[in-house]
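Engineer: Residues per chain, in single letters:
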Amino acid sequence: MDIQIPSLSPTTPALSLRPTVPQPRLTRPHVAHGTSVDAKVLVRNLDFYYGQRQALFRVSLTVRTHSVTSFIGPSGCGKSTLLRCLNRMNDLVEGARAVGRVELDGVDIYDPAIDVTDLRKRVGMVFQKSNPFPKSIYDNVAYGPRLHGTKDKRSLDELVQHSLQGAGLWDEVKDRLMQSALGLSGGQQQRLCIARALAVQPDVILMDEPCSALDPIATGKIEELIYTLKNTYTVVIVTHNMQQAARVSDQCGFFLMGELVEFGDTKTIFTTPHDKRTEDYITGRFG
Amino acid sequence: MGERSTLMKDFWRGGELFVWMTASGVALSLMMVAGMLGLIMINGLGQFWPAALQETTLKTQETVIGQVVGEEVIPNSITPDSPAGQRRCRYRVGNRDQFGSEYRWINAADIVSSARPEDLTLVERREWGPAFGRITVGVEGAATGSASGSSWTTVKTLVERANQLRRRIEHLEREEIGSINYRIEKARLARHALTLNGRLAPADAEKDQRLLDQMTALERDYLVKTEALERLHKEAGQEVLFLTLSTGRSVRLSLDQVLAVSRPNGMHWGEKLLAYVRNLWLFVSSEPREANTEGGIFPAIFGTVLMVFLMTLAVMPFGVMAAVYLREYANQGLLVRLVRIAVNNLAGVPSIVFGVFGLAFFVYALGGTIDHWLFPEALPNPTFGTGGILWASLTLALLTVPVVIVATEEGLSAVPRDFREGSLGLGATKFETLRHVILPCALPGILTGLILAMARAAGEVAPLMLTGVVKLAPALPLDEYLPFLHLDRKFMHLGFHIYDVGFQSPNVEAAKPMVYMTTLILILVVVSLNWTAVRLRNRLRRRFAASAV
Chain A
0 MDIQIPSLSP
10 TTPALSLRPT
20 VPQPRLTRPH
30 VAHGTSVDAK
40 VLVRNLDFYY
50 GQRQALFRVS
60 LTVRTHSVTS
70 FIGPSGCGKS
80 TLLRCLNRMN
90 DLVEGARAVG
100 RVELDGVDIY
110 DPAIDVTDLR
120 KRVGMVFQKS
130 NPFPKSIYDN
140 VAYGPRLHGT
150 KDKRSLDELV
160 QHSLQGAGLW
170 DEVKDRLMQS
180 ALGLSGGQQQ
190 RLCIARALAV
200 QPDVILMDEP
210 CSALDPIATG
220 KIEELIYTLK
230 NTYTVVIVTH
240 NMQQAARVSD
250 QCGFFLMGEL
260 VEFGDTKTIF
270 TTPHDKRTED
280 YITGRFG
Chain B
0 MGERSTLMKD
10 FWRGGELFVW
20 MTASGVALSL
30 MMVAGMLGLI
40 MINGLGQFWP
50 AALQETTLKT
60 QETVIGQVVG
70 EEVIPNSITP
80 DSPAGQRRCR
90 YRVGNRDQFG
100 SEYRWINAAD
110 IVSSARPEDL
120 TLVERREWGP
130 AFGRITVGVE
140 GAATGSASGS
150 SWTTVKTLVE
160 RANQLRRRIE
170 HLEREEIGSI
180 NYRIEKARLA
190 RHALTLNGRL
200 APADAEKDQR
210 LLDQMTALER
220 DYLVKTEALE
230 RLHKEAGQEV
240 LFLTLSTGRS
250 VRLSLDQVLA
260 VSRPNGMHWG
270 EKLLAYVRNL
280 WLFVSSEPRE
290 ANTEGGIFPA
300 IFGTVLMVFL
310 MTLAVMPFGV
320 MAAVYLREYA
330 NQGLLVRLVR
340 IAVNNLAGVP
350 SIVFGVFGLA
360 FFVYALGGTI
370 DHWLFPEALP
380 NPTFGTGGIL
390 WASLTLALLT
400 VPVVIVATEE
410 GLSAVPRDFR
420 EGSLGLGATK
430 FETLRHVILP
440 CALPGILTGL
450 ILAMARAAGE
460 VAPLMLTGVV
470 KLAPALPLDE
480 YLPFLHLDRK
490 FMHLGFHIYD
500 VGFQSPNVEA
510 AKPMVYMTTL
520 ILILVVVSLN
530 WTAVRLRNRL
540 RRRFAASAV
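In order, the protein sequence lines correspond to chains A and B. Read in order, the letters of the first sequence correspond to residues 0 to 286 in numbering that gives the first Met the number 0. Read in order, the letters of the second sequence correspond to residues 0 to 548 in numbering that gives the first Met the number 0.
Treat the hints as calculated values from the structure; they're not laboratory data. None of these values were measured; they are calculated from a predicted model. Hints are supplied without guarantee of correctness; some may be wrong.
[Claimed, not checked] 25 Å max Cα-Cα, derived BS3-like pairs, lysine-lysine:
id, chain 1, residue 1, chain 2, residue 2
1, B, 429, A, 128
2, A, 150, B, 429
3, A, 173, A, 128
[To be verified] Simulated coverage check for chain B against chain A, where a stretch passes if three residues somewhere in it have a Cβ under 8 Å from a Cβ of chain A:
id, segment
4, 415-422
5, 433-443
Where is the CB? At the ideal position from N, CA and C, for every residue including glycine.
Whole structure, please, built from the sequences with the hints as guidance.
Structural biologist: Rendered as structure tokens:
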């Protein structure tokens with residue numbers, strides 16, 4: 000299918016993120032790639048706790064600009080937790096606590112001076128279950144821009160069209176923009192959620208198992224979409240499906256019991272993994 | 000043998016019996032509801048049908064005119080010689096002023112003959128209930144023949160004219176003289192306010208004089224109107240009808256006392272149906288007469304609906320805001336749990352307790368303070384310091400606030416977590432998420448709370464008796480005088496009306512159908528209020544849950 004490249008510019012200004020000290024060089028051994036030059040997101044020595052239970056142990060990695068990074072691992076390994084740390088979605092969980100450093104463009108996002116809504120505007124998220132609001136398709140996409148101050152009808156229309164085109168949904172819904180979003184199919188709903196995230200003009204898009212509830216055809220469309228999105232955005236995706244990770248991502252991280260076992264080029268991870276556990280998981284010996 | 004026990008075992012295990020039991024529970028409830036509605040409707044709706052007038056001659060040569068309203072076997076009359084027992088009929092003989100009682104039992108055995116002559120007339124009067132007899136027109140003392148043919152038309156014209164006259168008198172009394180009185184009272188209070196601190200300030204002297212002039216002019220106007228009123232009264236009292244009772248006595252009926260005359264025996268069913276509909280309409284649209292036992296119940300319907308409406312206005316923002324705080328903002332700790340338990344228990348507090356609280360807090364404390372600061376010129380007459388529709392509505396709002404809180408909390412917690420995360424993930428603040436996503440989705444749940452609250456409030460009587468309901472309110476709380484909605488006024492209420500008519504009435508027997516009818520109307524009012532809210536809720540539900548694939 001034909002997907003149009005979105006014309007949205009990702010050159011959002013640094014907003015109210017307070018600049019911090021110049022970022023130090025990464026020294027973790029398993030970070031195979033990621034020079035600090037094109038690093039978009041930087042995680043260093045991150046420990047994460049749900050109340051008493053520790054969910055992440057000293058995780059460090061670098062997400063490169065304009066690339067797709069995938070997190071794989073068995074259920075409960077902490078990959079979704081890490082993803083939700085990147086836009087501080089875990090703040091909603093009571094008793095959740097992060098220790099360590101997560102940087103977006105060199106700015107610590109756990110700094111108390113950070114405006115969380117600004118952060119989430121720059122780091123959009125697509126959830127496992129498609130969750131369009133019970134509003135019209137148009138209102139769903141326009142939801143974010145309206146909140147952030149776009150009032151003008153014309154620019155809103157343009158933004159909605161661009162976003163829907165960016166998510167490859169425009170041709171399917173352009174004649175029924177004012178109908179309820181709940182009338183769309185599962186795959187369309189998920190692409191609508193992506194369009195909704197694009198409309199806020201983020202830098203980074205986080206996807207939490209975006210295809211787990213979809214049939215193979217819808218999954219294929221989303222994967223194609225992810226592939227084109229990386230030209231404009233930085234994409235981080237959590238997936239259970241290793242083929243998917245192999246297909247769409249440039250870099251891949253394997254998690255096990257809260258630890259980042261291995262992180263590197265997807266090709267390397269899938270062909271010549273350094274760690275025995277990674278190899279076992281990828282070849283299907285456990286998981 | 001073995002096969003049978005297996006069958007039995009299957010029967011028990013299959014839960015067949017349980018299905019029957021549960022189904023019969025539902026059936027029983029439905030039957031009870033239907034039975035209750037049927038009973039109320041049969042007892043209430045029957046009274047508007049123009050029943051035939053019976054003229055019955057007894058063994059004692061006495062004649063009785065009336066409507067047969069009941070029949071029964073005389074208790075203890077079943078003996079071996081008469082296994083069916085003896086029967087007796089209950090007659091409504093009317094003419095309470097003449098006979099002392101409106102009803103009379105007549106033994107079937109005493110009846111010699113019974114007929115339904117067409118010239119028997121039912122007269123509805125302003126006082127003393129209905130009268131039955133034969134009507135004659137004419138000069139006092141010379142009344143002999145019964146009015147028939149053309150003279151019946153004359154009677155009807157006379158009554159129609161008397162009614163027109165009465166409407167004019169009422170208009171004059173209520174609208175014109177009422178408005179003059181209202182303005183005089185306002186001017187008097189304004190003058191009184193000028194001299195509140197002991198003496199008239201020189202700056203206000205001119206204003207005082209102006210008010211005084213205004214009052215004098217109004218009083219002159221008042222005199223003119225009263226004279227006109229007296230003339231009308233005299234005119235209305237001139238015409239006279241005579242009614243020959245069953246006893247043969249002729250009674251003088253001043254036409255200004257007569258509301259309507261009819262001859263039910265001469266009506267065919269079409270006319271009766273018309274009369275029925277007219278009576279029903281009069282019942283719901285007119286004001287009560289004769290200590291509420293006659294006439295309509297319009298002020299009570301109006302008061303009930305207005306009170307529920309005001310209560311809704313008060314309880315919705317209050318309850319919804321409390322629920323939003325408890326569910327969305329408060330830390331879900333021990334304190335919130337305690338508050339929640341307290342809210343739930345509040346719903347179980349006897350309503351009279353709320354009534355006492357309303358009286359002490361709203362009426363005396365709040366109302367007294369308002370009077371002291373805002374209406375000092377009217378003191379010692381209270382304005383808000385006495386029961387009124389505002390205080391009654393607020394008391395009921397307190398009574399129903401737990402219902403709204405609980406339902407709203409449930410509605411909020413039923414909003415999927417995905418919606419919250421979706422909105423927050425787009426950079427919305429918590430407040431924006433609440434306003435644009437969560438509250439709209441919770442709206443059906445909030446409306447459910449509203450429906451429950453309305454149902455509870457419309458049926459509540461006890462707290463109202465302490466905070467503003469009266470047996471007879473002189474004026475509706477809504478009228479054409481500024482500020483149109485008079486929140487300080489006392490009002491009538493259907494629930495209290497039922498109690499008043501049924502148990503405080505001087506004429507209990509005659510009021511019985513009124514009780515049933517008022518009950519029916521109360522049920523209808525509650526059902527239609529709820530139905531409106533349910534329809535609104537369903538519309539919203541459709542909007543938020545459109546054909547999910």
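Engineer: Okay, which hints does this one fail, numbers in order?
Structural biologist: none
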